[in-house]
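Below, each chain spelled out in residue letters.
There are 2 protein chains.
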Amino acid sequence: MIKTHPLWDTYPTIQASLLECLELIIEKITIENKEIEQTVTALIESQGKLLRPAYLLLFSQLGSVSIDTHKKIIAAAASTEVLHLATLIHDDIIDESDTRRGSETVQSKHGQDVAVYTGDLLISVYFELLAEATDSIDLIQLNTQSMKRVLMGELNQMSHVYNTDITYTDYLESIKGKTAQLFELSCYEGAYLGQSDPEIIELSRSIGQDIGIAFQMLDDILDYTQTPEKLSKPVLNDVKQGIYTLPLILGLESSKEAFLPLLEKGEDLSDKELDSLVTLLHDHDCIERAHITAKHYIDKALASIDSLPDHSGKDVLYSLTKTLLTRED
Amino acid sequence: MIKTHPLWDTYPTIQASLLECLELIIEKITIENKEIEQTVTALIESQGKLLRPAYLLLFSQLGSVSIDTHKKIIAAAASTEVLHLATLIHDDIIDESDTRRGSETVQSKHGQDVAVYTGDLLISVYFELLAEATDSIDLIQLNTQSMKRVLMGELNQMSHVYNTDITYTDYLESIKGKTAQLFELSCYEGAYLGQSDPEIIELSRSIGQDIGIAFQMLDDILDYTQTPEKLSKPVLNDVKQGIYTLPLILGLESSKEAFLPLLEKGEDLSDKELDSLVTLLHDHDCIERAHITAKHYIDKALASIDSLPDHSGKDVLYSLTKTLLTRED
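If you're matching them up, the sequences are chains E and R in order. Under the numbering used here, the first residue of the first sequence carries the number 26, and numbering increases by one thereafter. Under the numbering used here, the first residue of the second sequence carries the number 26, and numbering increases by one thereafter.
Be careful, since some hints might not be right.
Identical copies go unnamed one by one, so any copy, or any two together, can satisfy a pair.
[To be verified] SDA-like cross-link-like pairs, simulated, lysine to any residue; straight-line CA separation at most 20 Å:
1) 97 / 162
2) 53 / 170
3) 28 / 74
4) 97 / 163
5) 97 / 166
6) 134 / 185
7) 97 / 161
8) 96 / 162
9) 53 / 166
10) 96 / 338
11) 134 / 184
12) 134 / 122
13) 297 / 262
14) 134 / 67
15) 265 / 288
16) 201 / 55
17) 134 / 119
Quick caveat, the hints were computed from the structure, so don't treat them as lab data.
Make a model of the complete structure from these sequences and hints.
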C-alpha cells in the first residue's frame, strides 16, 4: 500500500491524485532485474514531498478543466516527479551519497553503472508520460527547454566549485536553473493544461519560480542548521564538495578573510572544522540574513498567489505554500 | 571546418546532409563553461560514422518527401545522433574509458560528475530536435519507447556480468535493445517522415534491426581481433568487465570447461591471460563461427534492401550497408 508524505493528510483531494501519480509511475517502470526495480520502487514510495506534481495539480484546478482531462493531468504531474527522481538518482552518483530519504541510494546499492542507466531510464519515462499528457508539441518543447536549463544550472554550479569569489548573483542564476526551473514548469504546465487565461498561465510560471528559489534557499539553510536524522539525508556535504550556498556566500561577501582559512582545506575539512564554520556563520549573522533573503521570495510568492482569481484551490495553494516555506525538514 | 568520416566521401549528397546535422547539433549545445563545451564539440566533430542519421536520411528518400520537409528530416537525423552521443558519454563513465574516437572522454577530462550531466543535457537536446522534426506525438512516443528499450538492454546486460551461463539468446536480446533498437528507430523514422507506404515503413524497421544486430556482432568480433590503434578505442575491455559477447558465448556454449579457468580471474585477467583467451577463441573457431552468425543478419538485411521498390537511394543503401558490414574498424 503506497502512502504519501504526512504533509498531504490535511489535503485529501490532492493526496488522492498524488497516489494516482505514484501508481502510474510504478506501472511505467519494469526492469528485468527485480532487485534494481525494487530499489527504484522503494525510492518512488519513499514518501518524498511530491511538490512538483502537487503544484501542477493545484494550478490545473484554477482553470476550466473538465473531468475527461483528469488522466492527462495525472500523467503530466507524474512526469514532473519522474524527472525530479531521475535528477536525484544522478545527483547521488555525483555526491557519492549513500542514503536518500532514509533509504540506500541506487548507486550505493547497485553501483554507479546501474545508477547512470536507471536515471536515463527515468528520463525516458518522463517523456513517455508527457506524451500521454498532451498532444501539444509546444508543451514538449517547453519541457525540453526546462530540462536543458536544469542541466545548464547543474553544470554552471560545477564551474563554481571551490570558488571563493562566487557571488550572490552566480548563486541565484544557478538555483534558478537547477531547482526553480522545475517548479516554474510544474506551475506553468498545470495552469496551461487547466486552460487558464494566458495572463494567469504567465503569473503561475512566475509564482513557480519564486517558490523554487525560496525552496532551494531554505534547503541550503537547513544543510547548515539541521541534523541528518531530521532531514533523512547527510548534512554539511555541500561545503566539502566546494558547493558554496547562500549562507556561506553571504559570509564570503561580507568578510572573506574570516572564512578563507577554513575553506582552503577544501574537501579535507574535518568535522571539527565544519563545526567552526557553522559557528562562524552564526557569528556573522549569515543564517539570519539568508532567512531574510528567502523570506523576500516567500512573501513575493504568497502575494502573487493571493492575487490569483478566487477559487477553492487558491486557499489550498496559499496554505500549502506557507507551510512548505516555513519547513524545518 | 567540420569534416565527416572518410566513408562519406563516396556519397556527397548524404555527406552534405550529415554536415547539416552536425552543424545543427553544435548550434543546440551551449554550455557556459567553454572547456566542457569544447570537449563535447570535439566529440561531435570527431568523425564518428554517423550511421544512425545516415540511415534515417537514406530511408526518408524512399518516400515522396517534399523539399520543404528537408529541415525537419535533418532535425530528426540529428536527434538520433545526439541520443547516440548521450549514450556514449554515459557508457564511458561506466567503462571508465579514457579515450573515445581517439580523443579524451568527457569523464576522463572533466570528471564523472560533468559526464553525467552532459549526457543528460544531450538527452534534452535529443528531444528538442525531435520536437522540431515532427508535430506527431506518436513519433515522440515511439522514440520514448525506443530509448526505454535501449536502457533496458543496458540494464539487462548488467544483470549478466560475469555470468558464464549466459546464452546466445540472452546476448541477442541484449543487443536488440542496446544497439539494434536505435538502428531500427532510425530506419523506421526515416521511412515514416519520408511518407513511405505502411508496409515499407514496417520493412524499414526490420531492416534496421538486422543491420543493428549485425553491426553489434561485428563490433564484438573486432574487440577480439583488432588493435586499439585501428579501432581508436581500447580493445578486450568487455571481458575484464564481465561482459561476455558473441565469440566468447559461442566458446562457452560449446566447451565451457576450456574457458572457465581463465574467466574465473574476473577483472584481474592479465594481458598474457587475455592473449591466451584470444588464442583459445581461435582454437575453438569462435571468431569464425561468430562471423557466420553475423553474416546471417547481414545477408538478411541486404536481401530485404534488395526487395525495396526501385529508387536511386536504394543502391546507395545497398552499397553502404555492404561496406559497413564488411568493415574492419
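ask   = Is it within, between, both, or neither for residue 96 and residue 338, if the alpha carbons may be no more than 20 Å apart?
value = For residue 96 and residue 338, only the intra-copy Cα distance (19 Å) is at most 20 Å; the inter-copy one is 44 Å.
key: Same-copy or cross-copy closeness of residue 97 to residue 163 [CA-CA at most 20 Å]   = Both, since 16 Å and 16 Å are each at most 20 Å.
ask   = Between copies, within a copy, both or neither: which fits residue 134 and residue 122 at Cα up to 20 Å?
value = within (11 Å within a copy, 23 Å between copies)
message = With identical chains, the pair residue 97 and residue 166 could be close in the same copy or across copies; at 20 Å between alpha carbons, which is it: within, between, both, or neither?
response = Intra 17 Å, inter 15 Å, cutoff 20 Å: intra and inter.
request  = With 20 Å as the alpha-carbon cut-off, assign the pair residue 134 and residue 119 to within, between, both or neither.
outcome  = Classified as both: same-chain Cα gap 15 Å, cross-chain 15 Å, threshold 20 Å.
request  = State whether the alpha carbon distance between residue 97 and residue 161 is at most 20 Å within one copy, between copies, both, or neither.
outcome  = Classified as both; 12 Å inside a copy, 17 Å across copies.
request  = Go through the copies and call it for residue 201 and residue 55: within, between, both or neither, with a Cα cutoff of 20 Å.
outcome  = between (33 Å within a copy, 17 Å between copies)
ask   = Which holds for residue 96 with residue 162 at a C-alpha limit of 20 Å: within a copy, between copies, both or neither?
value = both (18 Å within a copy, 17 Å between copies)
ask   = How would you classify residue 97 and residue 162 at a CA-CA limit of 20 Å: within, between, both, or neither?
value = both (15 Å within a copy, 14 Å between copies)
inquiry  = I want to check one pair: residue 134 and residue 185. Are their C-alpha atoms no more than 20 Å apart within a copy, between two copies, both, or neither?
reply    = Answer is between; shortest inter-copy Cα gap is 17 Å, intra-copy 30 Å.
request  = Up to 20 Å between alpha-carbons, please classify residue 53 paired with residue 166: within, between, both or neither.
outcome  = between (22 Å within a copy, 13 Å between copies)
inquiry  = If the cut is 20 Å between Cα atoms, do residue 134 and residue 184 qualify within a copy, between copies, both or neither?
reply    = between (29 Å within a copy, 14 Å between copies)
Hint check: no violations occur; every hint is consistent with the structure.
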